[in-house]
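Student: Protein chains in written order, with full-length UniProt numbering: chain L, 1 to 349; chain B, 1 to 148.
These aren't lab readings, by the way, just hints derived from the structure by calculation.
Any given hint could turn out to be false.
Quick list of simulated restraints, FRET-style, between CB atoms [what the hints assert, rightly or not]:
{"id": "1", "chain 1": "L", "residue 1": "V333", "chain 2": "B", "residue 2": "L97", "range": "22 to 28 Å"}
{"id": "2", "chain 1": "B", "residue 1": "Y63", "chain 2": "L", "residue 2": "V27", "range": "45 to 51 Å"}
{"id": "3", "chain 1": "L", "residue 1": "D195", "chain 2": "B", "residue 2": "I120", "range": "33 to 39 Å"}
{"id": "4", "chain 1": "B", "residue 1": "W56", "chain 2": "L", "residue 2": "D54", "range": "29 to 35 Å"}
Rough simulated footprint, nothing fancy, chain B against chain L, three-plus residues with beta-carbon under 8 Å [what the hints assert, rightly or not]:
{"id": "5", "segment": "14-28"}
{"id": "6", "segment": "179-186"}
With a cut-off of at most 35 Å between alpha-carbon atoms, the simulated DSBU-like pairs for lysine-lysine come out as follows [stated by the list, open to error]:
{"id": "7", "chain 1": "L", "residue 1": "K9", "chain 2": "B", "residue 2": "K38"}
{"id": "8", "chain 1": "L", "residue 1": "K3", "chain 2": "B", "residue 2": "K38"}
{"id": "9", "chain 1": "B", "residue 1": "K6", "chain 2": "L", "residue 2": "K5"}
{"id": "10", "chain 1": "B", "residue 1": "K38", "chain 2": "L", "residue 2": "K149"}
{"id": "11", "chain 1": "L", "residue 1": "K323", "chain 2": "B", "residue 2": "K38"}
{"id": "12", "chain 1": "B", "residue 1": "K6", "chain 2": "L", "residue 2": "K9"}
{"id": "13", "chain 1": "L", "residue 1": "K87", "chain 2": "L", "residue 2": "K9"}
{"id": "14", "chain 1": "B", "residue 1": "K38", "chain 2": "L", "residue 2": "K287"}
{"id": "15", "chain 1": "L", "residue 1": "K244", "chain 2": "B", "residue 2": "K6"}
{"id": "16", "chain 1": "L", "residue 1": "K155", "chain 2": "L", "residue 2": "K307"}
{"id": "17", "chain 1": "L", "residue 1": "K87", "chain 2": "L", "residue 2": "K233"}
Quick reminder that beta carbons are idealized off the backbone N, C-alpha and C, glycines included.
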Amino acid sequence: MRKGKTAVKLLGTSSLGMGLVIFLFLVSEQQVHRNNAFTRRIPPHAITKKFDLDLGYNSYYIAGYDNNNMYLGNGTAPFHVLQIDLKSLDTTHIRLSVNNRGLQFRNVQISVLQPYFFLFDGTVPIVLRGHLGDWSIQDSIMSPVFFDKAIPVGKTELVCRTFDTDSQAITLGSFHFDTNALANLKPKILERQIDGVFDVDGAMTSTPDHSLLLYSYYYRNEFIVLDSHLNIKKRQNTLDTVTKAQIEVTSLKEGQISEMLAPPVIINNSSSLEGSRAYIISNRLGKYENMDILNQASILDVYDWKKGTYEFSTYIHKTEREKIREIKVDGNVLYVLVGNRLSVYELRH
Amino acid sequence: MKWDQKHSHRIVETISLLLIVLFIYAATSKLWDFGQFKVQLGQSPVLTAYADGLAWMVPGVEYLLALLLLFNGTRLAAFYSSLALMVMFTTYILLVLNFSDYIPCSCGGVLEDLGWTEHIVFNLFFVALAIIGIILLEAHPTLKTSVS
Numbered sequence: 001m002r003k004g005k006t007a008v009k010l011l012g013t014s015s016l017g018m019g020l021v022i023f024l025f026l027v028s029e030q031q032v033h034r035n036n037a038f039t040r041r042i043p044p045h046a047i048t049k050k051f052d053l054d055l056g057y058n059s060y061y062i063a064g065y066d067n068n069n070m071y072l073g074n075g076t077a078p079f080h081v082l083q084i085d086l087k088s089l090d091t092t093h094i095r096l097s098v099n100n101r102g103l104q105f106r107n108v109q110i111s112v113l114q115p116y117f118f119l120f121d122g123t124v125p126i127v128l129r130g131h132l133g134d135w136s137i138q139d140s141i142m143s144p145v146f147f148d149k150a151i152p153v154g155k156t157e158l159v160c161r162t163f164d165t166d167s168q169a170i171t172l173g174s175f176h177f178d179t180n181a182l183a184n185l186k187p188k189i190l191e192r193q194i195d196g197v198f199d200v201d202g203a204m205t206s207t208p209d210h211s212l213l214l215y216s217y218y219y220r221n222e223f224i225v226l227d228s229h230l231n232i233k234k235r236q237n238t239l240d241t242v243t244k245a246q247i248e249v250t251s252l253k254e255g256q257i258s259e260m261l262a263p264p265v266i267i268n269n270s271s272s273l274e275g276s277r278a279y280i281i282s283n284r285l286g287k288y289e290n291m292d293i294l295n296q297a298s299i300l301d302v303y304d305w306k307k308g309t310y311e312f313s314t315y316i317h318k319t320e321r322e323k324i325r326e327i328k329v330d331g332n333v334l335y336v337l338v339g340n341r342l343s344v345y346e347l348r349h
Numbered sequence: 001m002k003w004d005q006k007h008s009h010r011i012v013e014t015i016s017l018l019l020i021v022l023f024i025y026a027a028t029s030k031l032w033d034f035g036q037f038k039v040q041l042g043q044s045p046v047l048t049a050y051a052d053g054l055a056w057m058v059p060g061v062e063y064l065l066a067l068l069l070l071f072n073g074t075r076l077a078a079f080y081s082s083l084a085l086m087v088m089f090t091t092y093i094l095l096v097l098n099f100s101d102y103i104p105c106s107c108g109g110v111l112e113d114l115g116w117t118e119h120i121v122f123n124l125f126f127v128a129l130a131i132i133g134i135i136l137l138e139a140h141p142t143l144k145t146s147v148s
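Just need the whole structure built from these sequences, with the hints factored in.
Tutor: Below, the structure is given as C-alpha cells:
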C-alpha cells in the first residue's frame with residue numbers, strides 16, 4: 001500500500017518536471033521557426049543533385065573560381081587551398097608560400113578573382129596578392145582600415161565591411177590596392193535599427209565574376225544588391241515579415257563588451273548572387289510547412305532582384321546535425337558546403 | 001528495526017547534506033556572476049522568453065530548498081522538490097542536446113568543465129539520491145518528526 005503510493009508520488013513528481021520543461025521547449029521552438037504570414041511556392045524537382053564530393057573537413061569555404069576550377073580556402077588551415085577541377089573532379093592541395101609569417105594573422109581569408117588570388121586579414125590589416133597557378137605572394141599592402149569581410153572587385157580594389165568611428169556603426173567601404181588613399185566608406189548602405197553593429201550583421205557575397213555584390217541581413221527580411229562601386233542597384237524584401245531585427249543587445253558591466261541577450265531570430269542565413277537572381281538559405285517556416293522538414297533540409301528561396309519578385313523555393317536535403325555553411329551559384333549549378341562535403345546540384349528553373 | 005531506523009536516519013541526513021551543498025554552491029555561483037548568468041539564460045534555446053524571471057527564481061529556489069532540507073519537518077517536501085528540480089534540469093539538458101538548433105553553455109563553477117554527458121550522469125546521481133531519500137522517509141514516517 002504504502003510502497004505503491006510512494007512510487008506514484010515519485011513518478012508524478014518526475015513526470016511533472018519533465019512535462020513542464022518539454023512544454024516550454026515546444027513553445028519556444030514554435031516561436032523561433034514559425035511564421036504563418038507568408039507562403040512558399042515549392043515546385044517539384046527544382047534542383048537535382050549531381051554528386052557529393054567528400055572534402056574530409058568541415059572548415060572549407062568557397063574562395064572563388066577560374067575557368068575550370070573551384071578554389072576552397074580553409075578556416076583552420078589558413079594557407080591551404082583546395083583546387084577542384086570541375087570537369088574531372090580532380091582535387092589538388094596547394095600550400096601558399098607566405099613570407100609574412102611574422103604578422104599576427106588571426107582571420108585569414110582567401111578570395112580568387114582571375115587572374116589573381118587575394119589573401120587578406122582585416123585584423124592585421126593586410127592584403128596580399130599573387131597569381132593563380134603560381135601561388136606565391138607578389139604584392140602586399142597594409143589596408144587603410146580594419147575589416148572583417150572583404151571581396152576583391154578588381155585587380156586593385158577591394159570592397160570591405162568595417163567599423164566606422166564617425167557613425168559608430170558597421171559600414172561598407174572600399175579601398176585600393178595600389179595607392180595609399182584612405183578607404184572610401186559608404187555609411188548609408190547598411191541601415192541601423194538598434195545598435196548598428198549586431199542588427200546590421202549579414203552575409204556578404206558576390207557574383208562569380210565579382211561584378212555585383214549581395215548583402216543579406218541575418219536578422220531582417222531584406223537584402224541589398226550593389227555594383228562593384230557600391231552603388232545600390234536594389235533593396236528588396238524577402239518573403240518573411242520580420243522588418244526589424246529581433247535581437248536584444250546588452251553590455252556587461254565589467255568591460256565594454258556587448259553581448260546578445262537572447263538568441264536572435266535568423267531570417268536569412270547564407271546567400272548567393274548570380275545574374276538577376278538572389279539565392280538565400282532560410283530556416284523560417286511559412287504557412288502550411290511542416291515543422292519536421294527542418295530536421296531533414298534547409299530551405300532555399302530564390303528571388304529575381306531585377307524584377308523585384310520572389311520566384312520559388314526548394315529544399316536542400318541534409319542530415320539533422322549538418323549545417324549548410326555556404327552556398328554559391330555559378331550558371332545553373334548550385335554548390336553547397338554542408339558537413340564535410342561539397343554537394344553539387346543542377347538548377348532546373 | 002531500531003538498527004535499520006538509525007541507519008536510515010544517517011543516510012537521509014547525508015543525502016540532505018549533499019543536496020544542500022549542491023544547491024548552495026549552484027545558487028551562489030550564479031549570483032556571483034549574475035550579469036553573465038542572465039545573458040546565458042537568455043541565450044538558451046528554450047528559456048529566452050522567461051530569462052528575466054528565471055534568473056532570480058532559479059537561485060532563489062535553490063536557496064529555499066537548501067533551507068527546507070535542514071529541518072526534519074520539511075525534509076520530505078524538500079526531497080520531492082529537489083527531485084522535480086533535478087529532473088527538470090536533466091530533461092532540459094537532454095532536449096538541448098538532442099533537439100535544439102544549437103547548444104549553449106550556462107553552467108557555473110567547476111561544472112563548467114564537465115562535458116554534457118558527464119553532466120547528465122552527475123544530475124542522475126542526485127536524482128537517485130533524492131529518490132532514495134524519499135523512499136527512506138516514506139518508509140519510516142517517524143523520521144520525519146523525530147529530533148536527532
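Student: Each of the hints needs a verdict: does it hold here or not?
Tutor: Results of checking the hints against the structure:
1. V333/L <-> L97/B: 22 to 28 Å: violated, 37 Å
2. Y63/B <-> V27/L: 45 to 51 Å: Distance hint for Y63/B, V27/L is violated at roughly 28 Å.
3. D195/L <-> I120/B: 33 to 39 Å: holds, 37 Å
4. W56/B <-> D54/L: 29 to 35 Å: violated, 50 Å
5. 14-28: Since 11 is at least three, the answer is holds.
6. 179-186: Coverage by chain B is violated for the segment 179-186 of chain L (0 residues, Cβ < 8 Å).
7. K9/L <-> K38/B: holds, 33 Å
8. K3/L <-> K38/B: At roughly 42 Å apart (the allowed maximum being 35 Å), K38/B and K3/L break the hint.
9. K6/B <-> K5/L: holds, 24 Å
10. K38/B <-> K149/L: With Cα atoms ~31 Å apart, K38/B and K149/L stay inside 35 Å; holds.
11. K323/L <-> K38/B: Judged against 35 Å, a Cα distance of about 28 Å means the pair holds.
12. K6/B <-> K9/L: holds, 25 Å
13. K87/L <-> K9/L: violated, 67 Å
14. K38/B <-> K287/L: Answer holds: K38/B to K287/L is near 34 Å, not above 35 Å.
15. K244/L <-> K6/B: Violated, because 65 Å separates the two Cα atoms, which is more than 35 Å.
16. K155/L <-> K307/L: holds, 31 Å
17. K87/L <-> K233/L: Status holds; Cα separation ~34 Å.
Figure legend: structure checked against the earlier numbered hints; hints not met, in rising order: 1, 2, 4, 6, 8, 13 and 15.
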